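**Q** In case you want the letters, here they are:
2 protein chains.
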Amino acid sequence: MAPEQEVVRRVFENTEECPIRNVVAQIGDKWSVLILFALVDGADRFNALKSRIIGISQRMLTRTLRDLEREGYVTRTVYPEVPVRVEYALTPMGRDLAKPLYQLVSWAGEHHEQIKQARQDYDKRSD
Amino acid sequence: MAPEQEVVRRVFENTEECPIRNVVAQIGDKWSVLILFALVDGADRFNALKSRIIGISQRMLTRTLRDLEREGYVTRTVYPEVPVRVEYALTPMGRDLAKPLYQLVSWAGEHHEQIKQARQDYDKRSD
DNA sequence: CAGCATCCGCAGCGATACTG
DNA sequence: CAGTATCGCTGCGGATGCTG
Numbered sequence: 001m002a003p004e005q006e007v008v009r010r011v012f013e014n015t016e017e018c019p020i021r022n023v024v025a026q027i028g029d030k031w032s033v034l035i036l037f038a039l040v041d042g043a044d045r046f047n048a049l050k051s052r053i054i055g056i057s058q059r060m061l062t063r064t065l066r067d068l069e070r071e072g073y074v075t076r077t078v079y080p081e082v083p084v085r086v087e088y089a090l091t092p093m094g095r096d097l098a099k100p101l102y103q104l105v106s107w108a109g110e111h112h113e114q115i116k117q118a119r120q121d122y123d124k125r126s127d
Numbered sequence: 001m002a003p004e005q006e007v008v009r010r011v012f013e014n015t016e017e018c019p020i021r022n023v024v025a026q027i028g029d030k031w032s033v034l035i036l037f038a039l040v041d042g043a044d045r046f047n048a049l050k051s052r053i054i055g056i057s058q059r060m061l062t063r064t065l066r067d068l069e070r071e072g073y074v075t076r077t078v079y080p081e082v083p084v085r086v087e088y089a090l091t092p093m094g095r096d097l098a099k100p101l102y103q104l105v106s107w108a109g110e111h112h113e114q115i116k117q118a119r120q121d122y123d124k125r126s127d
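Just so you know, the protein sequences line up as chains A and B, in that order.
Per the UniProt record's numbering, residue 1 is the first one in the first sequence, and the count goes up by one each step.
Per the UniProt record's numbering, residue 1 is the first one in the second sequence, and the count goes up by one each step.
No lab work stands behind these hints, which were simulated from the structure alone.
It should be emphasised that the depicted structure is a prediction, and the values quoted were computed from it without experimental measurement.
Keep in mind that a hint or two might mislead.
As the list claims (entries may be wrong) - In silico DSS-like links for lysine-lysine, alpha-carbon gap of 27 Å or less:
(1) B/K30 / B/K116
(2) A/K99 / B/K50
(3) B/K99 / B/K124
(4) A/K99 / B/K116
(5) A/K116 / B/K99
(6) A/K50 / A/K124
(7) A/K99 / B/K99
(8) B/K30 / B/K50
(9) B/K99 / A/K30
(10) B/K30 / A/K30
(11) A/K116 / B/K124
(12) A/K116 / B/K116
(13) A/K99 / A/K116
To be verified - Covered stretches of chain A (chain B as the covering partner; in silico rule of three or more C-beta atoms under 8 Å from a C-beta of chain B):
(14) 14-26
(15) 44-54
(16) 101-107
Ideal Cβ placement from N, Cα and C applies to all residues, glycine included.
With the hints as extra help, turn the sequences into a complete structure.
**A** Here you go:
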């Protein structure tokens, strides 16, 4: 069986072990991918991330970072200085996840215009 | 500039053209990726999809298929037989999107155990 | 500086009933 | 068969105020 079909089969054979429902769904929220990409160039502090990721609230940055930490993609390091400094960084697994994510985001960037056109055409047809 | 950094830069430089916020966010819902994968082997009918994608409701299958159609990933073809037959299929762009998605889902499948372990470790630490 | 606690609106999603 | 229409809930996510 071709590896593609093998993956597809595993997706549908049961719900418990489905990698889409259990892994992809976790990073499919509003901010996870953006945060992961914000960390690929290296560790960064909480407020620095907050200002780089335009539009994210303090609450959601905290919450999503906690989730990413729980999944094993991100580490949280507290430096007990005054004022306190907290740095977030990707784990080896997080850096590894960034590779397929980069492929996906790269694809999205290349097809963005085509997709916007498809949306316009669809909306025009539904008038 | 390395291509990776170029993509990362475009993600954060502005909100309008961000491929994550405009493309990845669309397929980051609960069902889009599952439906796309259900169609990579070929076209399929509405109720056949519904029974293959365990747990999806009629409403969400309809809604998500419409969204995927609007994005340009899926075509909808009505065969005016009795009873009516409606087939959904991937467009060339949809099949192309399946490639980076396959990379991601494949990664997810390979790291599923490691992630489940990370979750357990995190939850144990937070006792 | 890096958060936690609280309140709350609303979009996502499911369940159910009905239709061409 | 392949939907549409409606209702209701749950949880995501934003806003605000407070703290070590």
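**Q** If a hint holds in the structure, say so; if it doesn't, say that too.
**A** A quick look at each hint next to the structure:
For the proposed pair B/K30 and B/K116, the alpha carbon gap of about 20 Å is at most 27 Å, so the pair holds. This hinted pair does not check out: A/K99 and B/K50 have alpha carbons roughly 32 Å apart, beyond 27 Å. In summary, the hint linking B/K99 to B/K124 is not supported, as the alpha carbons are separated by about 37 Å, beyond the 27 Å threshold. Restraint check for A/K99 and B/K116: satisfied, since their Cα atoms lie roughly 20 Å apart, inside the 27 Å limit.
Of the supplied pair hints, the one linking A/K116 and B/K99 holds, its CA atoms being roughly 20 Å apart against a limit of 27 Å. In summary, the hint linking A/K50 to A/K124 is not supported, as the alpha carbons are separated by about 38 Å, beyond the 27 Å threshold. Taken as a hint, the A/K99 and B/K99 pair is honoured in the structure, with Cα atoms around 14 Å apart against an allowance of 27 Å. Annotation: proposed proximity of B/K30 to B/K50 holds, straight-line Cα distance about 14 Å (limit 27 Å).
The hinted pair formed by B/K99 and A/K30 meets the criterion: a straight-line CA distance of about 22 Å does not exceed 27 Å. For the given pair, B/K30 sits about 12 Å from A/K30 by alpha-carbon distance, which is consistent with the 27 Å threshold. Restraint check for A/K116 and B/K124: not satisfied, since their Cα atoms lie roughly 45 Å apart, outside the 27 Å limit. For the suggested pair A/K116 and B/K116, the alpha carbons sit about 37 Å apart, so the restraint of at most 27 Å is broken.
A distance of roughly 25 Å separates the Cα atoms of A/K99 and A/K116; the hinted pair therefore holds under the 27 Å criterion. Look at the stretch 14-26 of chain A against chain B: 9 of its residues bring a Cβ nearer than 8 Å to a Cβ of that chain, three or more, so the hint holds. Only residues whose C-beta sits within less than 8 Å of a C-beta in chain B count toward coverage, and the stretch 44-54 of chain A has 3 of them, enough to reach three; the restraint holds. Three residues within the 8 Å Cβ limit are the bar, and the stretch 101-107 of chain A against chain B gives 7, so the coverage statement holds.
Hints 2, 3, 6, 11 and 12 from the earlier list are contradicted by this structure; the remaining hints agree with it.
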